[in-house]
Amino acid sequence: MVSSSNVSTPNPSLSEYTFPSHRLRALRDGGKMPLVLVACGSFSPITHMHLRMFEMAVDHVKQGMSEFEVVGGYLSPVSDRYNKAGLASAAHRVRMCELACDETSDWLMVDPWEAGQSEYQPTAVVLDHISYEINHNLGGISYPPPPSSNSLTVPTATPRKPARVMLLGGSDLLQTMSQPGVWSQSDLNHILTAHGLFIIERSGSDISDALAPLKEWSDAMGKDWMENIHVVRQLIANDISSTRIRQFLRQGMSVQYLLPQVVIEYIRERGLYRDVEEFRESRASSMPPLRREAVDRAVGKRGGLS
Numbered sequence: 001m002v003s004s005s006n007v008s009t010p011n012p013s014l015s016e017y018t019f020p021s022h023r024l025r026a027l028r029d030g031g032k033m034p035l036v037l038v039a040c041g042s043f044s045p046i047t048h049m050h051l052r053m054f055e056m057a058v059d060h061v062k063q064g065m066s067e068f069e070v071v072g073g074y075l076s077p078v079s080d081r082y083n084k085a086g087l088a089s090a091a092h093r094v095r096m097c098e099l100a101c102d103e104t105s106d107w108l109m110v111d112p113w114e115a116g117q118s119e120y121q122p123t124a125v126v127l128d129h130i131s132y133e134i135n136h137n138l139g140g141i142s143y144p145p146p147p148s149s150n151s152l153t154v155p156t157a158t159p160r161k162p163a164r165v166m167l168l169g170g171s172d173l174l175q176t177m178s179q180p181g182v183w184s185q186s187d188l189n190h191i192l193t194a195h196g197l198f199i200i201e202r203s204g205s206d207i208s209d210a211l212a213p214l215k216e217w218s219d220a221m222g223k224d225w226m227e228n229i230h231v232v233r234q235l236i237a238n239d240i241s242s243t244r245i246r247q248f249l250r251q252g253m254s255v256q257y258l259l260p261q262v263v264i265e266y267i268r269e270r271g272l273y274r275d276v277e278e279f280r281e282s283r284a285s286s287m288p289p290l291r292r293e294a295v296d297r298a299v300g301k302r303g304g305l306s
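Each residue of the sequence shown is one higher than the one before, counting from 1 in full-length UniProt numbering.
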């Protein structure tokens with residue numbers, strides 16, 4: 001188990017930024033396309049549900065998307081520029097995510113690039129950044145070459161394939177995408193055409209209602225976004241949310257077994273989420289809006305940046 005007591009809080013500054021790739025896996029099946037899952041959000045704090053949705057997406061791929069193989073997963077916390085109620089500092093949120101991944105997973109990683117930005121970064125930009133790091137700077141994902149029948153063949157460099165980077169989120173994310181004016185259609189088109197989307201079904205939300213306007217918009221553009229939207233059914237209901245966790249902590253209630261133990265220890269040691277939030281939650285979703293101007297309006301309503 002990873003202990004947080006002897007680890008200092010990092011500064012998510014980009015001056016020493018290195019893209020994390022230490023847990024990217026090589027393809028086991030060279031005939032498949034490598035798939036990387038990315039979850040963007042506040043993670044204030046990260047919960048077991050945030051981690052669980054990666055596992056559900058992997059099962060969905062194994063059971064119904066035989067052309068893909070998941071080789072990695074990233075959490076990308078938003079920067080402090082996204083001035084949301086209940087948002088701990090980027091340094092704390094990045095570190096909590098890192099501790100959670102280290103304690104619970106052997107393939108999930110945290111990319112601090114978005115958290116270290118001085119300006120809000122649209123989700124499409126984050127996905128492009130991760131895709132560029134993997135496919136351009138790293139050269140893609142390695143895979144086993146087919147066996148050669150010629151024993152005299154000189155070994156060559158390990159072959160690599162470009163990875164597909166897809167966004168992963170809950171059904172609340174899909175609901176924001178279906179609301180006019182929150183996400184620009186050009187950015188939606190980029191995400192749902194160049195990347196793709198995994199949506200984890202949540203109780204109390206109607207996926208079909210959220211999909212309907214997206215289908216209408218894509219049809220009007222002559223696109224087919226629906227083929228790149230993958231709905232993952234939640235077979236065991238799990239409604240843990242960061243908002244409820246913060247409410248529990250402010251009221252002095254137990255959050256045991258709702259978060260990774262190392263995250264609970266980190267929160268306790270640093271006294272996070274004890275004070276009443278200055279602002280009420282203004283959005284049901286923990287996912288940031290894609291359009292920069294939408295963020296600016298939200299920040300303006302909260303009195304500007306501190």
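Hints listed in this document are in silico derivations from the structure and should not be mistaken for laboratory results. A few of these clues could be false.
Unchecked claim - DMTMM-like, lysine to aspartate or glutamate: derived pairs with alpha carbons at most 25 Å apart:
1) LYS84 - ASP59
2) LYS32 - ASP172
3) LYS223 - ASP172
4) LYS161 - ASP239
5) LYS161 - GLU133
6) LYS215 - GLU269
7) LYS161 - GLU119
8) LYS215 - ASP102
9) LYS62 - GLU16
10) LYS84 - ASP106
11) LYS84 - GLU67
12) LYS161 - GLU201
13) LYS32 - GLU227
14) LYS62 - GLU201
Do the hints match the structure? See the list:
no. : hint            : verdict
1   : LYS84 - ASP59   : violated, 32 Å
2   : LYS32 - ASP172  : violated, 30 Å
3   : LYS223 - ASP172 : holds, 23 Å
4   : LYS161 - ASP239 : violated, 37 Å
5   : LYS161 - GLU133 : holds, 13 Å
6   : LYS215 - GLU269 : violated, 47 Å
7   : LYS161 - GLU119 : violated, 32 Å
8   : LYS215 - ASP102 : violated, 39 Å
9   : LYS62 - GLU16   : violated, 37 Å
10  : LYS84 - ASP106  : violated, 31 Å
11  : LYS84 - GLU67   : violated, 39 Å
12  : LYS161 - GLU201 : violated, 31 Å
13  : LYS32 - GLU227  : holds, 18 Å
14  : LYS62 - GLU201  : holds, 18 Å
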